[in-house]
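Engineer: Sequence:
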Amino acid sequence: MSFADASIRVLRLLPVITSTIVFMFAVDEHIFLGTWMAPTFRDRANVHLPNWFQLWGRRGRWVILLGYPGNYALGILNLLVARSQLKVTGAEKWYWMGLLFSMGHIAIYAKRALKLLAEIKADIPKGNSTHSMGVWLRMHTIRTFTTDIPALVFFVVGALKAL
Numbered sequence: 001m002s003f004a005d006a007s008i009r010v011l012r013l014l015p016v017i018t019s020t021i022v023f024m025f026a027v028d029e030h031i032f033l034g035t036w037m038a039p040t041f042r043d044r045a046n047v048h049l050p051n052w053f054q055l056w057g058r059r060g061r062w063v064i065l066l067g068y069p070g071n072y073a074l075g076i077l078n079l080l081v082a083r084s085q086l087k088v089t090g091a092e093k094w095y096w097m098g099l100l101f102s103m104g105h106i107a108i109y110a111k112r113a114l115k116l117l118a119e120i121k122a123d124i125p126k127g128n129s130t131h132s133m134g135v136w137l138r139m140h141t142i143r144t145f146t147t148d149i150p151a152l153v154f155f156v157v158g159a160l161k162a163l
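In terms of the UniProt record's numbering, the sequence shown is residues 1 to 163.
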């Protein structure tokens, strides 16, 4: 196998890897942020969540800032490099769908998600930031199931067809 062929094979797999990373981050968010919602923690969570969330947000933003643009760039790159191979194998539509669903994470949900995150940080409603966290977690679960999981599945199918 030539270096060019091997490089294209790696390129075909990269969106699977980046989609897996952002999906696992979404799962981690649900697990770790959902812990704040446990009834035994709720009173303490309402006191500490706004300050804790500001620090967590600064530390966790890198996965979002690098992961989703990485998905977009790699999805587009896959659609441009050796495109005829994607068409012959029937993988092109799968990479398109992976790209579109990945973009949906930001395009459809970003405004609402950022508003809810700001409410958590600002302790809105006052003294009950877990309310905003609960709303964000519900939106986050829907977003994960409607964008992140489909994007990952589409990229996996595309890679399997292309390889």
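Don't take every hint at face value.
[To be verified] Pairs of lysine to any residue, SDA-like flavour, derived with a Cα cap of 20 Å: (1) K121 x M97; (2) K126 x W52; (3) K115 x P125; (4) K115 x A4; (5) K161 x P39; (6) K161 x F145; (7) K126 x I106; (8) K126 x P39; (9) K93 x L13; (10) K111 x H131; (11) K126 x M37; (12) K126 x W62; (13) K121 x A4; (14) K161 x R61; (15) K121 x R83; (16) K121 x A38; (17) K121 x R61; (18) K115 x K93; (19) K161 x A4; (20) K121 x W56; (21) K121 x L11; (22) K111 x L137; (23) K121 x L100; (24) K93 x W56.
[Said to hold, decoys possible] Using C-beta positions, here's what the derived DEER-type ranges look like: (25) I76 x M24: 34 to 40 Å; (26) M24 x W52: 20 to 26 Å; (27) G57 x M1: 24 to 30 Å.
These are computed hints drawn from the structure, not numbers from a lab.
The structure displayed is predicted, hence computed values, not measured ones.
Glycine included, each C-beta is placed from N, C-alpha and C at the ideal position.
Engineer: Now look at each hint and say whether the structure bears it out.
Structural biologist: Hint check:
1. K121 x M97: Violated, because 34 Å separates the two Cα atoms, which is more than 20 Å.
2. K126 x W52: Answer holds: K126 to W52 is near 16 Å, not above 20 Å.
3. K115 x P125: Within the cut-off at roughly 13 Å; holds.
4. K115 x A4: At roughly 45 Å apart (the allowed maximum being 20 Å), A4 and K115 break the hint.
5. K161 x P39: 47 Å, violated
6. K161 x F145: 23 Å, violated
7. K126 x I106: 28 Å, violated
8. K126 x P39: Within the cut-off at roughly 18 Å; holds.
9. K93 x L13: Within the cut-off at roughly 16 Å; holds.
10. K111 x H131: 18 Å, holds
11. K126 x M37: 16 Å, holds
12. K126 x W62: It is violated: about 29 Å lies between the C-alpha atoms, which goes past 20 Å.
13. K121 x A4: Violated. K121 to A4 sits at ~48 Å, over the 20 Å cutoff.
14. K161 x R61: With Cα atoms ~33 Å apart, K161 and R61 exceed 20 Å; violated.
15. K121 x R83: 45 Å, violated
16. K121 x A38: 19 Å, holds
17. K121 x R61: Holds. K121 to R61 sits at ~14 Å (cutoff 20 Å).
18. K115 x K93: Violated - the C-alpha atoms of K93 and K115 are around 33 Å apart, more than 20 Å.
19. K161 x A4: Between K161 and A4 the Cα gap is close to 18 Å, so the pair holds against 20 Å.
20. K121 x W56: 10 Å, holds
21. K121 x L11: Not satisfied, since the Cα-Cα distance of roughly 39 Å exceeds 20 Å.
22. K111 x L137: 15 Å, holds
23. K121 x L100: 30 Å, violated
24. K93 x W56: Not satisfied, since the Cα-Cα distance of roughly 37 Å exceeds 20 Å.
25. I76 x M24: 34 to 40 Å: 23 Å Cβ-Cβ, so the 34 to 40 Å window is violated.
26. M24 x W52: 20 to 26 Å: For M24 and W52 the Cβ distance comes to about 21 Å; the hint holds.
27. G57 x M1: 24 to 30 Å: 44 Å, violated
Of the numbered hints given earlier, the model fails hints 1, 4, 5, 6, 7, 12, 13, 14, 15, 18, 21, 23, 24, 25 and 27; all others are met.
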